[in-house]
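Each chain, letter by letter, is given below.
Number of protein chains: 6
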Amino acid sequence: MPIGKFVEYGEASDEVRAVYDDIMETRKLRWIADFWKVLAQDPATLKRTWESMKQTMGPGAIDPVAKELIFVAVSVANGCEYCINSHMAGARAKGMTDEMLAELIAVVGMANETNALVTAWQVEVDERLRRAAQGGK
Amino acid sequence: MPIGKFVEYGEASDEVRAVYDDIMETRKLRWIADFWKVLAQDPATLKRTWESMKQTMGPGAIDPVAKELIFVAVSVANGCEYCINSHMAGARAKGMTDEMLAELIAVVGMANETNALVTAWQVEVDERLRRAAQGGK
Amino acid sequence: MPIGKFVEYGEASDEVRAVYDDIMETRKLRWIADFWKVLAQDPATLKRTWESMKQTMGPGAIDPVAKELIFVAVSVANGCEYCINSHMAGARAKGMTDEMLAELIAVVGMANETNALVTAWQVEVDERLRRAAQGGK
Amino acid sequence: MPIGKFVEYGEASDEVRAVYDDIMETRKLRWIADFWKVLAQDPATLKRTWESMKQTMGPGAIDPVAKELIFVAVSVANGCEYCINSHMAGARAKGMTDEMLAELIAVVGMANETNALVTAWQVEVDERLRRAAQGGK
Amino acid sequence: MPIGKFVEYGEASDEVRAVYDDIMETRKLRWIADFWKVLAQDPATLKRTWESMKQTMGPGAIDPVAKELIFVAVSVANGCEYCINSHMAGARAKGMTDEMLAELIAVVGMANETNALVTAWQVEVDERLRRAAQGGK
Amino acid sequence: MPIGKFVEYGEASDEVRAVYDDIMETRKLRWIADFWKVLAQDPATLKRTWESMKQTMGPGAIDPVAKELIFVAVSVANGCEYCINSHMAGARAKGMTDEMLAELIAVVGMANETNALVTAWQVEVDERLRRAAQGGK
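Going down the list, the sequences are from chains A, B, C, D, E and F. At position 106 of the first sequence (counting the first as 1) the number is 106 in this note's numbering, and the numbers step up by one without a gap. At position 75 of the second sequence (counting the first as 1) the number is 75 in this note's numbering, and the numbers step up by one without a gap. At position 61 of the third sequence (counting the first as 1) the number is 61 in this note's numbering, and the numbers step up by one without a gap. At position 71 of the fourth sequence (counting the first as 1) the number is 71 in this note's numbering, and the numbers step up by one without a gap. At position 68 of the fifth sequence (counting the first as 1) the number is 68 in this note's numbering, and the numbers step up by one without a gap. At position 126 of the sixth sequence (counting the first as 1) the number is 126 in this note's numbering, and the numbers step up by one without a gap.
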């Protein structure tokens, strides 16, 4: 049960309603996810979060499906079930197949395993690796 | 400083050397990263980890660059500096640009912020979202 | 469903009952939260945990409401739903308003986002910052 | 070593410089922390992050020092050393004493311990607690 | 609700069935846990994960019960409820008593507390400690 | 660099010195680890933490080496380098071999991987598993 209450469209202030309208138009949806309805109890955070989300998840150098996969990966690492489902749904809407989902989860699993191995063995970043991460610059 | 010692190619057992050879051939590299050299103190884990890595990060339904971006995202969430650099280097080698890196980091940041917002407000997965995450099935 | 069973007041040992009495007296409550009842299966940990909690959350240099907010913030970062609710309740009892709660969550969200940005960009602590963190000493 | 390079004031674009000016004016500082200089490689994220930070950390219902303490608490839970130091410095600037710092750390330690106890014993949120967290509404 | 569907024994491919048979034979069980049934949607990950699990959790230098306790400890730190229960069950099957469980949870609690204290106070690994961790080598 | 300063034995208050003496006697050591010296800036937390540590890590139903391994496992999951080294040293002192260390790390790696797989696939605890975790009670 979320803290507080859902701010439904019909009872929303103009400020909140403008955000809701932009969400539905941008995402080609006719409904507002519960996340936004709960967040709308704090209109400044609603507006700021939506604008940041629109900017970061919108068109750019990374493929939109890949952005959703990255979002799911972080949500798994953080154990946020709502976020996992929300962005799996986003990824599906943008073209993620079952095969891609299975691969995504396998990569996330491996990343968590090798992160732990590196941390436990205390492997340090060496110069060669750091230069490569910098793009050879 | 890592725990134990690096197992260098010249002193490696046949079992370890076979893994090293496969790593270099698969990745078109002439050197072995410290992670593998440290892991080689435990040859069973070296072999198993490399084979899993090769399988999960290899060709499939998800674009290879996207897989590296996902790996970096998880490594950031886990705070594993070596892993971040190692897979940023992997992503660069497969074509990641500076623009893609900046977008990746922005998405990871947003994911961590909204994960926290969801957890704090205790938003629950509703049926509509769950069905969408299942692919409408 | 918790592991094991609840140790109810009526069936508790004298050692456990003494802790329960102290909890109710300190917190001006007439009931014992489930956390303590489950922990009471391990009386040494119950006693130690309660005494530590009483000491750290009691009067001091930091305002009691702020201590509860800090506790909620950590519980969000760790994804512990019971702990979030338990200390939101504590914060409410000590005067937290809805406005404060919304601000708390916004700050926690921002902290998680910028933590990820710092980790991904690998920003290092510089001397000026470290001296400031040390209080200029 | 951070990824990429620091964008110094003298070489910054007008957009970045406007953010830098606002940071220095808002915080009454004559220098820009490395976090912002690194972030400035991605001007959209710099601007968005600063505006969000200004909004969430600015005047409101929660005391400004308490906001910094909350920020430190989350940064400890996430293991972000730069962030810990950065917001300890912020807390010092706003009046945090050594006694407050020691109490903060003690509370964060207790929160992490009891979060783990709750998770391991699998204590569930009961109705009484949930109503109290909702403010009795 | 898990993503996708359970792959039941009767409908499994030969490859999946071979893994199921090996799990039941190795663990002396007549049923397959849901984890494996869900994972079986991705047969390569099922096979790889089971083989890794069998190798790491099998006989070796560390007592099998202790390995399960370690697994539970990590699962608590990661907040994975299924994993906590799954490996508590494994530990019970191998001889874990209620006293051991209570001690395990107490140790995990302390570890999380002192981890946070170390991170917040920013205590660094000194040479004496590092040598001792290396086994005096 | 730790926050604040080390409280050396020679300058410690009687309260702090009593804790230091107990640490050295209990652990059969002639020196005090930096963790305790830094913590001693906050004598109440020093005393409380040491007494909790002595109680939880002391003789009991779980083998002392296994307790140290559990402590290392949690520290890896939390990415606390000092804690990893400190308790690896403790484990060595109590008899951990290189083989045990390698197995520990392999188990911790697997636990992190399967935790992520479970979280991503959203596998739920079923009744059979829950009863087994409860000890069949």
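Bear in mind the hints are in silico, worked out from the structure with no lab data behind them. For each residue, glycine too, the CB sits at the ideal point set by N, CA and C. Treat the hints with care, as some may be off.
Simulated crosslink set (DSS-like; lysine-lysine; CA at most 27 Å straight-line) [said to hold, decoys possible]:
{"#": "1", "chain 1": "C", "residue 1": "K54", "chain 2": "C", "residue 2": "K28"}
{"#": "2", "chain 1": "D", "residue 1": "K47", "chain 2": "D", "residue 2": "K5"}
{"#": "3", "chain 1": "A", "residue 1": "K94", "chain 2": "B", "residue 2": "K28"}
{"#": "4", "chain 1": "F", "residue 1": "K47", "chain 2": "C", "residue 2": "K47"}
{"#": "5", "chain 1": "F", "residue 1": "K54", "chain 2": "F", "residue 2": "K28"}
{"#": "6", "chain 1": "F", "residue 1": "K28", "chain 2": "F", "residue 2": "K5"}
{"#": "7", "chain 1": "C", "residue 1": "K94", "chain 2": "C", "residue 2": "K47"}
{"#": "8", "chain 1": "F", "residue 1": "K54", "chain 2": "C", "residue 2": "K54"}
{"#": "9", "chain 1": "C", "residue 1": "K54", "chain 2": "F", "residue 2": "K28"}
{"#": "10", "chain 1": "A", "residue 1": "K5", "chain 2": "A", "residue 2": "K94"}
{"#": "11", "chain 1": "D", "residue 1": "K94", "chain 2": "A", "residue 2": "K54"}
{"#": "12", "chain 1": "F", "residue 1": "K94", "chain 2": "E", "residue 2": "K94"}
{"#": "13", "chain 1": "C", "residue 1": "K47", "chain 2": "F", "residue 2": "K5"}
{"#": "14", "chain 1": "B", "residue 1": "K94", "chain 2": "D", "residue 2": "K54"}
{"#": "15", "chain 1": "C", "residue 1": "K54", "chain 2": "C", "residue 2": "K94"}
{"#": "16", "chain 1": "C", "residue 1": "K5", "chain 2": "E", "residue 2": "K54"}
{"#": "17", "chain 1": "E", "residue 1": "K47", "chain 2": "E", "residue 2": "K5"}
{"#": "18", "chain 1": "A", "residue 1": "K54", "chain 2": "A", "residue 2": "K28"}
{"#": "19", "chain 1": "D", "residue 1": "K94", "chain 2": "C", "residue 2": "K94"}
{"#": "20", "chain 1": "A", "residue 1": "K94", "chain 2": "A", "residue 2": "K47"}
{"#": "21", "chain 1": "D", "residue 1": "K47", "chain 2": "A", "residue 2": "K47"}
{"#": "22", "chain 1": "F", "residue 1": "K54", "chain 2": "D", "residue 2": "K94"}
{"#": "23", "chain 1": "E", "residue 1": "K47", "chain 2": "B", "residue 2": "K47"}
{"#": "24", "chain 1": "E", "residue 1": "K54", "chain 2": "B", "residue 2": "K54"}
{"#": "25", "chain 1": "C", "residue 1": "K5", "chain 2": "C", "residue 2": "K54"}
{"#": "26", "chain 1": "B", "residue 1": "K28", "chain 2": "B", "residue 2": "K47"}
{"#": "27", "chain 1": "E", "residue 1": "K28", "chain 2": "E", "residue 2": "K5"}
{"#": "28", "chain 1": "A", "residue 1": "K54", "chain 2": "D", "residue 2": "K28"}
{"#": "29", "chain 1": "F", "residue 1": "K5", "chain 2": "F", "residue 2": "K47"}
{"#": "30", "chain 1": "D", "residue 1": "K28", "chain 2": "D", "residue 2": "K94"}
Pair ranges (Cβ atoms, derived) [stated by the list, open to error]:
{"#": "31", "chain 1": "B", "residue 1": "E8", "chain 2": "E", "residue 2": "E15", "range": "33 to 43 Å"}
{"#": "32", "chain 1": "C", "residue 1": "T97", "chain 2": "A", "residue 2": "L29", "range": "39 to 49 Å"}
{"#": "33", "chain 1": "B", "residue 1": "E51", "chain 2": "A", "residue 2": "G95", "range": "51 to 61 Å"}
{"#": "34", "chain 1": "E", "residue 1": "E15", "chain 2": "B", "residue 2": "K94", "range": "27 to 37 Å"}
{"#": "35", "chain 1": "D", "residue 1": "G58", "chain 2": "A", "residue 2": "K5", "range": "43 to 53 Å"}
{"#": "36", "chain 1": "C", "residue 1": "G58", "chain 2": "A", "residue 2": "F6", "range": "51 to 61 Å"}
{"#": "37", "chain 1": "D", "residue 1": "L29", "chain 2": "B", "residue 2": "T26", "range": "28 to 38 Å"}
{"#": "38", "chain 1": "D", "residue 1": "D126", "chain 2": "A", "residue 2": "W31", "range": "28 to 38 Å"}
{"#": "39", "chain 1": "D", "residue 1": "L29", "chain 2": "A", "residue 2": "E51", "range": "24 to 34 Å"}
{"#": "40", "chain 1": "D", "residue 1": "K94", "chain 2": "F", "residue 2": "D14", "range": "26 to 36 Å"}
For each hint, the structure was consulted:
no.	hint	result
1	C:K54 - C:K28	holds, 13 Å
2	D:K47 - D:K5	holds, 17 Å
3	A:K94 - B:K28	violated, 33 Å
4	F:K47 - C:K47	holds, 15 Å
5	F:K54 - F:K28	holds, 13 Å
6	F:K28 - F:K5	holds, 25 Å
7	C:K94 - C:K47	holds, 24 Å
8	F:K54 - C:K54	holds, 20 Å
9	C:K54 - F:K28	violated, 32 Å
10	A:K5 - A:K94	violated, 30 Å
11	D:K94 - A:K54	violated, 34 Å
12	F:K94 - E:K94	holds, 23 Å
13	C:K47 - F:K5	violated, 31 Å
14	B:K94 - D:K54	violated, 38 Å
15	C:K54 - C:K94	holds, 15 Å
16	C:K5 - E:K54	violated, 33 Å
17	E:K47 - E:K5	holds, 18 Å
18	A:K54 - A:K28	holds, 13 Å
19	D:K94 - C:K94	holds, 23 Å
20	A:K94 - A:K47	holds, 24 Å
21	D:K47 - A:K47	holds, 15 Å
22	F:K54 - D:K94	violated, 38 Å
23	E:K47 - B:K47	holds, 15 Å
24	E:K54 - B:K54	holds, 20 Å
25	C:K5 - C:K54	holds, 24 Å
26	B:K28 - B:K47	holds, 18 Å
27	E:K28 - E:K5	holds, 25 Å
28	A:K54 - D:K28	violated, 32 Å
29	F:K5 - F:K47	holds, 17 Å
30	D:K28 - D:K94	holds, 12 Å
31	B:E8 - E:E15: 33 to 43 Å	holds, 38 Å
32	C:T97 - A:L29: 39 to 49 Å	violated, 33 Å
33	B:E51 - A:G95: 51 to 61 Å	violated, 30 Å
34	E:E15 - B:K94: 27 to 37 Å	holds, 30 Å
35	D:G58 - A:K5: 43 to 53 Å	violated, 26 Å
36	C:G58 - A:F6: 51 to 61 Å	violated, 37 Å
37	D:L29 - B:T26: 28 to 38 Å	violated, 50 Å
38	D:D126 - A:W31: 28 to 38 Å	holds, 32 Å
39	D:L29 - A:E51: 24 to 34 Å	holds, 27 Å
40	D:K94 - F:D14: 26 to 36 Å	holds, 35 Å
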